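Dock chain B against chain A, hints included.
2 protein chains.
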Amino acid sequence: MAKTLLSSILLAALTLAAQAQDETTAPQVNDDLTVTFSLQVSGAAKVEVDGSWGKSKMTPEADSTVWTLTTEALTSDMHTYRFIVDGSYRTDPLNDRTVRDIDDTLSYFFIDGTPGSLLQEQDVEHGTVEQRWYPSSFRSDMEQRRLSVYLPPTYADSTDSLPVLYLLHGTGGDELAWLEMGRLACIMDNMLAEGQCQPMIVVMPNGQADQDAAPGCSPYRENTASHANVSSWLGRTEAAFANEVVAFIDSTYHTLPDKQHRAIAGLSMGGLHTIAISANNPDMFDYVGLFSPQTMNALTDKNIKAIQGVSNTVDGVLSKIPFVNTDNLREQFGQKTQHLSDIDVYKNLERKLIVQAVKEPKLYYIAIGKKDPLKRFVSKFTSKLDDCGATYQYQESEGGHSWNNWRNYLIDFLPQIFTSAE
Amino acid sequence: MAKTLLSSILLAALTLAAQAQDETTAPQVNDDLTVTFSLQVSGAAKVEVDGSWGKSKMTPEADSTVWTLTTEALTSDMHTYRFIVDGSYRTDPLNDRTVRDIDDTLSYFFIDGTPGSLLQEQDVEHGTVEQRWYPSSFRSDMEQRRLSVYLPPTYADSTDSLPVLYLLHGTGGDELAWLEMGRLACIMDNMLAEGQCQPMIVVMPNGQADQDAAPGCSPYRENTASHANVSSWLGRTEAAFANEVVAFIDSTYHTLPDKQHRAIAGLSMGGLHTIAISANNPDMFDYVGLFSPQTMNALTDKNIKAIQGVSNTVDGVLSKIPFVNTDNLREQFGQKTQHLSDIDVYKNLERKLIVQAVKEPKLYYIAIGKKDPLKRFVSKFTSKLDDCGATYQYQESEGGHSWNNWRNYLIDFLPQIFTSAE
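Top to bottom, those sequences are chains A and B.
Each step along the first sequence adds one to the number in the numbering used here, with nothing skipped, and position 265 is 265.
Each step along the second sequence adds one to the number in the numbering used here, with nothing skipped, and position 79 is 79.
Calculated from the structure, these hints are not laboratory results.
Keep in mind it's a predicted model, so treat the numbers as computed, not measured.
Backbone N, C-alpha and C define an ideal beta-carbon position, used for all residues, glycine too.
Careful: at least some of the hints might be erroneous.
To be verified - Distance ranges between label pairs, derived from CB positions: (1) K371(A) <-> L33(B): 41 to 51 Å; (2) L33(B) <-> F138(A): 30 to 40 Å; (3) T68(A) <-> D160(B): 30 to 40 Å; (4) D63(A) <-> E125(B): 51 to 61 Å; (5) A156(A) <-> D31(B): 46 to 56 Å; (6) D160(B) <-> K380(A): 53 to 63 Å; (7) G43(A) <-> E350(B): 26 to 36 Å; (8) G113(A) <-> V358(B): 55 to 65 Å.
Excised from the complex, chain A in its bound form:
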């Protein structure tokens, strides 16, 4: 009988114990904020760490079964990484913390400080996170769409109504992106506990028109690839936003349903959506946040034509991307798509921005990294805003088009919203 016990419960327990023992310490953040990685793998010729801070080769020990790397000192943050073993990506088997970034599963760890400590759960009151479905009508075969909601700790114990921040993801993201890569619940819990922002509801919808929910959570398996389709990005979710998302939230939660108690912000594609949604509904949002926004499409037909024109040079681009089914892409990008100015929410956008400016939102916030390839287009957009007589706050950070920046922009944005709300 002892043998049977050993071979079932106890063996499982010992195995779990052995795994867990190592996992709590991987990777090792050293006192000098360098980080040490180690990977046990046999027969590999080349092993690398590909991290959010850069890529480096690991060094094999004498018998080449354990590879190690110690980085330079890293900044306080949430850092993601994978190993590359002879060209194949893999997560860290000694780290039980993994996170999905669009289609990739990444290992991650934190370095304490600012903002790293804000991104981890602390011993504070915690809000509630929900995934729920709301009725939608702009696709007849997709009558429900899923969104995520953060409710602050005080929400459950009070019937007081709260302001709402609508927080939008980027291309390829979904209703879980700000929770998973964005650490939204931790940021809110910690900033609320420290009195750094006002209690608010945060709503994170799925902004891809052809996708109702994140991969694995949708009835429409084929549509989990909708982020590949440009037509899924532009026009439809923005047009339906006020009547469907905002209306649903105001009818479902205890909200303060007026302009001074609504904010909207988004990253990359979600920044473009934020421009369009707020400009089309100038009486709806007093606080607007654009985090590394896609902007050029919103303002000039020239740029959307440039994208359409790419069909002529698509072979040149495709030659740089390995393992691509070029036939399908050529078909997709070769076809004539609509001009942005043919899409309702983007029609007369410049005039709408002027109207929005006249109605004086309390904050129009724009942040972009110095190395972001979108920076030059953001500059064009701020020039356009100047022409429109709009007032805005402009922040320029180090780095590029990355989650590190988007989390920091949110942390910068949150204390500035709902501050003058009574």
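Then chain B, alone, in the frame of chain A:
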């Protein structure tokens, strides 16, 4: 300018498109229900697929950069798998669906039919899923614990009170296990849509005393390894369950707070917890489900002594487990732990089972796989129930200690609960 566009937005779009194109078709479920896997990897000597249905070697194509495998016909189900490249596990880079199982990230796919179609979201009304925190007092340094809640589609639109199923995970699991590996929300949505079960709230707490929330969601980083610690499994969460979990749910949601509208079920360790919680609160649950339960510990001191006695043979066990820090394990398992009969909720358990039987719960359900190493202990437990004069329903399935079985047991259990509730 075209170059900048290409190198940023468009290149990102094309890359996403290329990824997504492949991902929707990986793996390929063929018409005859065989499944074809393929993996692009260079320089590998041996590549395998390790699936929930078994492990098989893949075959290299002529140039050894693409490895493929076509399985036997698989049953309708959710199937999980990973590749093993020269001994290293990795998920499928062509499949965007991954799921966490304790410390492992697995790729997965479905085969339609029964139960496979019940495990996927269908075009039906969807319930809401919440993660929320509740006050707990049994650990002074962990005053909040997190649980998951499923609310049926009708919950939001009605003030009607609903019955509650408490659904418990196994050793190493947490408050997300039944949602992620267990597909709880899909199962509920689909069975409700087909009228196969009653509307109910499903509550999924974290049953490890030394862990307040799943990895990455807890302020207590060191405690994510708590599943390694036997003392985290037994006694404390069971003792606090009625006063903390049930009381919180009844005070937070529109519930029917009486015995005939409460059910409790659990898998493996959660089955043992279910035995203890229901026996210690014989007026609380009319429906009890044990899915591959750990049982022997609950009934005899002899078995817990056998575990304690293992310290004498621990070297023999450890020699079978690679990469183990044996010193720590020897210390942990070598130390004298409490006897189960010293733990309040397990004291006089046999007498409590007799009292529970006298109070005639409407359903006491037990299911176990024919190949489950726990089966012999479940047999002892049912004999003990016979001695106690208890009535129970006993189901024996194929297979062993696996999520495939636990999902099936739940699907078998759900239609039988709250059926006679008015």
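Going down the list of hints, with the structure as the test:
| no. | hint | in the structure |
| --- | --- | --- |
| 1 | K371(A) <-> L33(B): 41 to 51 Å | holds (50 Å) |
| 2 | L33(B) <-> F138(A): 30 to 40 Å | holds (36 Å) |
| 3 | T68(A) <-> D160(B): 30 to 40 Å | violated (60 Å) |
| 4 | D63(A) <-> E125(B): 51 to 61 Å | holds (58 Å) |
| 5 | A156(A) <-> D31(B): 46 to 56 Å | holds (50 Å) |
| 6 | D160(B) <-> K380(A): 53 to 63 Å | holds (55 Å) |
| 7 | G43(A) <-> E350(B): 26 to 36 Å | violated (55 Å) |
| 8 | G113(A) <-> V358(B): 55 to 65 Å | holds (60 Å) |
The structure is inconsistent with the numbered hints 3 and 7, although it conforms to all the rest.
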